[in-house]
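Based on these hints, arrange chain B on the given structure of chain A.
Protein chains: 2
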Amino acid sequence: MIRPNFTRRIQNALKNKDTKVLKSLCETLHPASMAGLLIDFEYDDIWSIIRGVSPERRAEIFSHLEGSVQAEVAKHIPRRELATLVTYMSHDDRVDLIKRLPEEIEANLMMSLSEDEREDIQALASYEEGTAGSVMTSEYLTLMPELTAQEAIDFIRSEGSDKETIYNAYVVDENHKLIGFVTLRDLILAKPDKPIREFMSTDLIYAYASDDQETVARIIAKYDRISIPIIDNHDILLGIVTHDDALDVIESEYTEDIEKFMAISGKHEGDGYLNTPVYTHFRNRIYWVVILAFMGIMSGVVLHHFEETLSSLMILALYLPMLMDTGGNTGSQAATVVIRSLALGDIHTKDMLRVIWKELRIALMTCLILGILAFARVMFLSRSAHIPAGFELITIAWVIAVALSFQVISATLIGAMLPLVVSKAKLDPAVVASPAITTLVDITGLLIYFGTATTLLAI
Amino acid sequence: MIRPNFTRRIQNALKNKDTKVLKSLCETLHPASMAGLLIDFEYDDIWSIIRGVSPERRAEIFSHLEGSVQAEVAKHIPRRELATLVTYMSHDDRVDLIKRLPEEIEANLMMSLSEDEREDIQALASYEEGTAGSVMTSEYLTLMPELTAQEAIDFIRSEGSDKETIYNAYVVDENHKLIGFVTLRDLILAKPDKPIREFMSTDLIYAYASDDQETVARIIAKYDRISIPIIDNHDILLGIVTHDDALDVIESEYTEDIEKFMAISGKHEGDGYLNTPVYTHFRNRIYWVVILAFMGIMSGVVLHHFEETLSSLMILALYLPMLMDTGGNTGSQAATVVIRSLALGDIHTKDMLRVIWKELRIALMTCLILGILAFARVMFLSRSAHIPAGFELITIAWVIAVALSFQVISATLIGAMLPLVVSKAKLDPAVVASPAITTLVDITGLLIYFGTATTLLAI
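Residue numbers (the working numbering), protein chains in the order written: chain A, 2 to 460; chain B, 2 to 460.
Take these hints with a grain of salt, some might be off.
Identical copies go unnamed one by one, so any copy, or any two together, can satisfy a pair.
Cross-link-like lysine-lysine pairs, in silico, DSBU-like; alpha carbons within 30 angstroms at most [stated by the list, open to error]:
| hint | residue 1 | residue 2 |
| --- | --- | --- |
| 1 | K24 | K351 |
| 2 | K223 | K178 |
| 3 | K164 | K192 |
| 4 | K223 | K16 |
| 5 | K164 | K223 |
| 6 | K100 | K351 |
| 7 | K18 | K351 |
| 8 | K195 | K164 |
| 9 | K21 | K223 |
| 10 | K24 | K192 |
| 11 | K427 | K351 |
| 12 | K76 | K223 |
| 13 | K351 | K76 |
Just so you know, the hints here were simulated from the structure itself, not pulled from any lab data.
Isolated chain A, as found in the complex:
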């Protein structure tokens, strides 16, 4: 690990105001590595560390910081220097930053920018959060269809230096309508004097600015593209989304999926945990918790129904938690595996019967182990418990083990089938939240438990 070493060198240089060392570190370390080191420093120090280096490099390092950190650091940057920084940032990154700034700083900053920059920022900022438009950038390469391969390469050579990618270039007509697509690979491999129109790809993969950003990320992943063009309803090219943005989108989409599965609602806006207000956190969590509380009334009703049974055989109450937890665990496991397999395309709704057959066998193996453990547990824990006349501990242990086995089987099958049913109804299988499954199998579990007990023990 060389990292602590670098951190210490930055700390010392900062203390001694040794701008030379700071500059050289900013220049030699990769911007992403440098940004990684900076998270250990205070917000105002971060600016002192990077301010000495060239504006391009400074903007690169700054852009690699987390969005919420960027906003905090920006508050410590003098107005004129902030304007320079923003000018050198890539067009999509700077819009994200500006959206996070307090209104006053934003207004100040916008006044310091040129009219062109201001218009570009306003255009990109106008798209709704979560859409393709909100993650696209306006730094892309366009080519005219009449250019030859060599002319296009020469053009890229002169114009490409400030573009997000030069590997994909988009061919547009005089109205900026998207009509084709060439990769730098195509240009390099083509005969130099061949016009682009003759070898450009016209089977275009694109997305609309109003499309969901997840859709766009999935398209990039599916077609292994470095970037894809974003157009409006009249096929006018508006911007591009690049492969690294797709990775970021997929990361935050995962967060949304896992949160949905753990019964947390709301969009993941990427503000970061600490910057999200307490009330927003509360609102995202309380929604499902209240629904679950109402679902829980059902298990309360079942329990009340069997109040007599419980009173006459108190020992049954002591093993209720075990039954409920086990059902919840095995049901959630099955649901997790099925939901992920659906998401990855490993299984489809038409495989329902094969899934049930597989889960049934898994459940049989599981309930064998857990049944034996439950039997041993009752015999051990309740060895000196009070057992009413007419009952024997071994019979009760046996009954509890059988009930638990049935519960494992039913919970596993419910957990596996629910996401498939939901998916068949064209809904996102992740809406079948794990706590909802737990609450649902609680109800079936109680019915199984008391059903088994009253039947086998004839209470």
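Same frame as chain A, but now just chain B:
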């Protein structure tokens, strides 16, 4: 939706053995789109649909199918045609396919390949599953440092057509040792007669063949690279991993993380749900379930300890499930949010106090709502329940609501703190599985419940 239309056209062409239509569809649709349509067809039909098109296109479409589907389709392909297909597949994809084939088919296939191909496959197949070596490809571009920019572009023009990417080229010495890196962008933007040695990047970002594939994917994401070189311990270049592989790795890593969090162990080998043996599924799930069963003994002990209390006030048993579910739900929600925030770098272990303070406020708002709901629920559900002399329903409802509120607060804080503590101990926070939190807060919940009841009701 135009998709059903295409599916029907393929079905008709297949029925009428209209190879012309099939060929034209395979040629006009993007290989990824075509592969997407094929999942609705039987394995032997898939081969009939794509066999008529050129070998390059056929291999491209085939490579876009899921790994498990590829293996099934391959079983229906005549030996000689399978060998041709494999020759045209990209080097990393074909190794994945061969690993999935039954031994007999594999042996047959290997015999039909040239010695060069065989050696390349064996070299790539020798890396352990889950390492960088196992996902890298051997189709990369190398350049000698003495070439000029223009010579390099000419070289790429003649050699680049079968490479995985031509946008990154690696500079090696005469022993194939990695000494530098240039992008096609650098080459295009450089003066044509400048030697590569003078502008190649020597601050190399690389990974070792034995590194975890997740590490490699994270490096690609962090540095926004199109590919990164994979080397051995002597800096010899072995292969590259490309950005689209990084996306796949991050997908399966995410599956592993969510499964870990839902108490499912084992590596996600990408065999697909249906192709994984029942015993493997069972083994991955039973591990945690048994540990949890043993942890559950603790709550059994607590319950036994309060058997007297329960017997004297049966009604308390009826609200145990509500208390346990609520604790599990709120604790898991907090853990989910904290684990994802840690993974995304939004929070760090040093933020522990800020997290606790935030979660405490969220918990206070949540327990206010849930406390009121619990009170109403007891008053409603138990309105005609038997209450022993000396107690009043309203007092009991009040006590249950207070206990539930304490449980929400303690479960939320435990759920939020555990991942931070685990992360501080340099372990993956996702090992704090949601069911483990549920089982743990069950124990604290029972102590809170009976503690509150015995204190406030003086039983």
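Unsatisfied constraints (hint numbers, rising): none
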